[in-house]
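Chemist: The sequence shown maps to residues -21 to -1, 1 to 970 in mature numbering (1 follows the signal peptide of the UniProt record, and there is no 0).
Calculated directly from the structure, the hints in this document are not laboratory data. All values reported here derive from a predicted model rather than from experimental measurement. Even glycine gets a Cβ: it sits at the ideal position worked out from N, Cα and C. A couple of the hints might just be wrong.
[What the hints assert, rightly or not] Simulated crosslink set (EDC-like; lysine to aspartate or glutamate; CA at most 20 Å straight-line): (1) 284 with 298; (2) 608 with 514; (3) 468 with 412; (4) 261 with 242.
[What the hints assert, rightly or not] Computed beta-carbon distance windows for the label pairs: (5) 339 with 922: 49 to 57 Å; (6) 612 with 640: 17 to 25 Å; (7) 271 with 635: 50 to 58 Å; (8) 713 with 339: 20 to 28 Å; (9) 623 with 312: 31 to 39 Å; (10) 637 with 230: 20 to 28 Å; (11) 640 with 459: 46 to 54 Å; (12) 249 with 85: 26 to 34 Å; (13) 635 with 937: 48 to 56 Å; (14) 883 with 937: 15 to 23 Å; (15) 922 with 654: 33 to 41 Å; (16) 373 with 640: 29 to 37 Å; (17) 416 with 350: 15 to 23 Å; (18) 418 with 312: 24 to 32 Å.
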Amino acid sequence: MSFWWIYPSLLTFCTLFYCQALRTYPSNEVLPSDALHPCVLTSCTVTLLDSMSAAGDLGWVAYPSEGWEEISVMDERNTPMRTYQVCNVLEVNQNNWLRTSWIPRGEAQRVYIEIKFTLRDCNSLPGVSGTCKETFNMYYYESNNSNLWHIHENQFIKIDTIAADESFTQVDVGDRVMKLNTEIRDISNLYKKGFYLAFQDVGACIALVSVRVFYKKCPTTIRNLARFPDTVTGGDSALVEVKGTCVNNSEEFDVPKMYCSADGGWLVPIGRCSCKPGFEEKRNVCQPCRPGYYKALLTDLYCTKCPPHSFSLQDSSAECTCERGFYRAKSDPKSMACTRPPSAPSNPISTVNETSVIMEWSPPEDSGGRMDITYNIHCRRCLLEGQKCSPCGSGIHYIPRQFGLPHPRVLITDLLPYTNYTFDIEALNGVSELSSGPKQFISVNITTSQVVNVILKERKSKDSVTLAFQGPEKTNDAVVEYEVIYYEKNHKDQNYTILKTRSTSMTVDGLKPGTTYIFRVRAHTIGGQGVYGGEIELETSTEDMIAITDPNQITILAISVAGGVILLIFLVTCFFVSGRHCGYIKAKQDPDEDKMHFQHGRVKLPGSRTYIHPHTYEDPNQAVRDFAKEIDASNIRIERVIGAGEFGEVCSGWLKLPSKREICVAIKSLKVGYAERQRRDFLGEASIMGQFDHPNIIRLEGVVTKCKPVMIITEYMENGSLDSFLKKHDGQFTVIQLVGMLRGIASGMKYLSDMNYVHRDLAARNILVNSNLVCKVSDFGLSRVLEDDPEAAYTTRGGKIPIRWTAPEAIAYRKFTSASDVWSYGIVMWEVISYGERPYWEMSNQDVIKAIDEGYRLPPPMDCPLVLHQLMLDCWQKCRSDRPKFGQIVNILDKFIRNPSSLSELANSSTWQDPSMQDSFTVTSVEEWLEAIKMSQYMEHFTMAGYVTLDSVLYLSNSELSKIGISLAGHQKKILSSIQNLQALGTHVQI
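Go ahead and model the full structure; you've got the sequences and the hints to work with.
Modeler: This is how it looks when you write it as structure tokens:
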């Protein structure tokens, strides 16, 4: 039984009142609700059904017919509005259904249903306490068919039971208090073309004022120069990934993506597009560069003015055109100014030494605006005066090389004697090959030296010899002086003396009676040193006597004898002034080295910089600011991890500073979770390194301290540490190349010594090598782990020190000086010549300390030149004041490089004995022998080749070792040297 007769005017009035309230909002908006953000409801939604906007009957299906009833009311504009009402509250077991028409879902997978309704409070209705309800149910049914008439109740899926937040009574209506309820529910994961909604009344008094069905979309937007289209939200609260499309004149820099959230909002964008070269970003569009400006790379944000000596005449230029006569190399960045080839080198200086010449010159006055200056050497040979010159051919050797020299100096060897040469020194840079102009070079003419004739006369006594000799037969240069070298026969390796004279005769006194001496003479001309003449053996007598070897030269000899007294005084003076004795010639100490003065509490050499210890700063961060340049982390691109240090990882990467070329760098980073002391020690290395500027000291590019991780940026050394590099290339370098490496290390240490900096840990592991084989001193850390091997460091009260590389006074008393660095340098020399062998082999640290204290020194490595080992021994003098200075070491090595023949005599390593071994040793098999020399990896090679007994290996040669598969030159030398020892030991080897 219907209850409408009790309050029909009440329900109609409420419906009309609320419909008028709804009409005050636009048709696509709703009353404010806490459930949704207004933006989502307005600009980010698509409406599928809105009962308020229906012009006629809604045509929804009601069952049974006496249940839901469609009521049409008029708003204040006389516009009809359709509502559905039901109020059968007096009858029990109500089951009234109202089904909407078919609703197409469109693109939506998730839809929202917003319903607005009024509901009568059951307590305000008399006599309905058992039958009245205050809730109703909402259902849906998915279907691809839009014309279904009959749908069974059990086919519907329940969405929710809807209850009113506010209900009304008759008094409420009289007071005109609005109590309209708004509820929103959603349906997820829809997959069919459409669906029906249904409302089930189970005994409530309801007026369904509005039903609105909609879905949400993320609206079209442009972010990071990428356009993101309207995107329908995903089903079941899932995020929808959307790839953006780059706007005009832009392209992907990093794939642009955004995620559309379930509520129709875009999340933070990922990736971006960048304006193409020639365009810059302004207000989310890419605009062309103006004439005179350009943009070369995607990564550049804005157009910039053309660099010097270039121009652009059109819009949207990706690069600027070089002016006439200026060029840009392929490897040059577009931001670099256009440059031109350099002018010719200047001020050439040549020093002829026998059949070799050292040439040095000044860089071009005009570098063309570039720093990559290199030099080529072109050689022409002229055998006779007036004859046309021809190319020199391949017989000449250039050290370090003939073409692409990075520094303005070269050593040229293996020239022909008595020959005129012309060397054209050409300067080039990165754009020289692009220029069609003439080459820029300077010419140097030299003539190789002449040989002094053999000694013609001698006058001998028991303690002196007077010599007479003739000068070169042909020379274009005047003779400046003659140099006489002599030594006791069979004692050259112990002591030799060099004397100089301007005369063609000389008296040498202070000799031992009855002793045979070897004499050789050479001439010094303006063009350089000549070649030594042949050896002459002379024996002093037991009594004074005169011996004339050439009777036709009595007159010359008489003159020599008559001037003997005067010449003797002159020669003795020369002898003491020259000071050249004992194996190698020790340079006199520069008087300025003794002139030291104190400045701010530090010893300072005149005209030199002084190293400042970072710990002298109250604020260590100030030291970093003073000596290290801060680099923006955005300028660094890390490529790969190449190692690990005490403080964190070491990586290689690239550094691109504004207006500079991108360079390869090494990046040391401070590991996460560091203590402040670790940070201070880590940056202390940069504070030290930043004070140095030398080609043989590792260069600091800068630091990153204003963000994490904290980093130290240095130049990248392609070949890594010297010890590993030498082990990898065992036996592959010439002696001159090895000496060149040692010279670079000594030059760097001289620089540090001049600055009063003591390294304390000079070792091959702390020397880095670049692609040009340039060695650079590194590892200036204040707190470092010296080696992974715990046996490598000997602990004293002052901390850890590397025993095998450290001077005795530094081990005993912690007295570290430049002289103790010289000791370490001697060990580095031994490492280099032995190709990275471990100093003192397997001896313990205590054994090393004891052996050194007892006078033991490392023997010469295989194929070690005698003069190099002698220099090592001088570096290992027990008294530190007897060791050479680094400046002297540099000069000595320079002389070796200029005169490669001085390196030809090898030290006899078999005369040295390892104190860690017995005076003799016993091996009974090939296996024991190979294990003893640490070559056991070749045991199978010997066995397969049939060398199974010791007597069968005693006469192996290089070629036979190669045949059995031992191809490494260093390993061949080691095995052959050991075979020679086996042969020499004889009785100590049990065969």
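Chemist: For each hint, tell me whether it holds in the structure or not.
Modeler: Here's how the hints hold up against the structure:
1. About 10 Å separates the Cα atoms of residue 284 and residue 298, which keeps this hinted pair within 20 Å; it holds.
2. In summary, the hint linking residue 608 to residue 514 is not supported, as the alpha carbons are separated by about 61 Å, beyond the 20 Å threshold.
3. This hinted pair does not check out: residue 468 and residue 412 have alpha carbons roughly 58 Å apart, beyond 20 Å.
4. Using a Cα cut-off of 20 Å, the hinted pair residue 261 and residue 242 is violated, with the two alpha carbons roughly 31 Å apart.
5. Distance hint check: the CB atoms of residue 339 and residue 922 are about 56 Å apart, consistent with the given range 49 to 57 Å.
6. In this structure the supplied range 17 to 25 Å holds for residue 612 paired with residue 640, their Cβ-Cβ distance being about 19 Å.
7. For the pair residue 271 and residue 635, the supplied restraint of 50 to 58 Å is violated, since their beta-carbon distance comes to about 24 Å.
8. Taken as a hint, the range 20 to 28 Å holds for the pair residue 713 and residue 339, whose Cβ atoms sit roughly 22 Å apart.
9. In this structure, residue 623 and residue 312 meet the distance hint of 31 to 39 Å, their C-beta atoms being roughly 32 Å apart.
10. The supplied range of 20 to 28 Å is met by residue 637 and residue 230, whose beta-carbon atoms lie about 24 Å from each other.
11. Remark: the range hint 46 to 54 Å for residue 640 to residue 459 is upheld by a beta-carbon distance near 48 Å.
12. As the Cβ distance of residue 249 to residue 85 is approximately 28 Å, the hint placing it in 26 to 34 Å holds.
13. Taking 48 to 56 Å as the suggested C-beta distance range, the pair residue 635 and residue 937 conforms, at roughly 50 Å.
14. The hinted window of 15 to 23 Å between residue 883 and residue 937 holds, with their beta carbons roughly 20 Å apart.
15. Checked against the given bound of 33 to 41 Å, the beta carbons of residue 922 and residue 654, roughly 56 Å apart, lie outside it.
16. As the Cβ distance of residue 373 to residue 640 is approximately 35 Å, the hint placing it in 29 to 37 Å holds.
17. Distance hint check: the CB atoms of residue 416 and residue 350 are about 21 Å apart, consistent with the given range 15 to 23 Å.
18. Checking the proposed 24 to 32 Å range against residue 418 and residue 312 shows it holds: the Cβ atoms sit about 27 Å from each other.
Consistency with the previously given hints fails for numbers 2, 3, 4, 7 and 15, ordered from lowest to highest.
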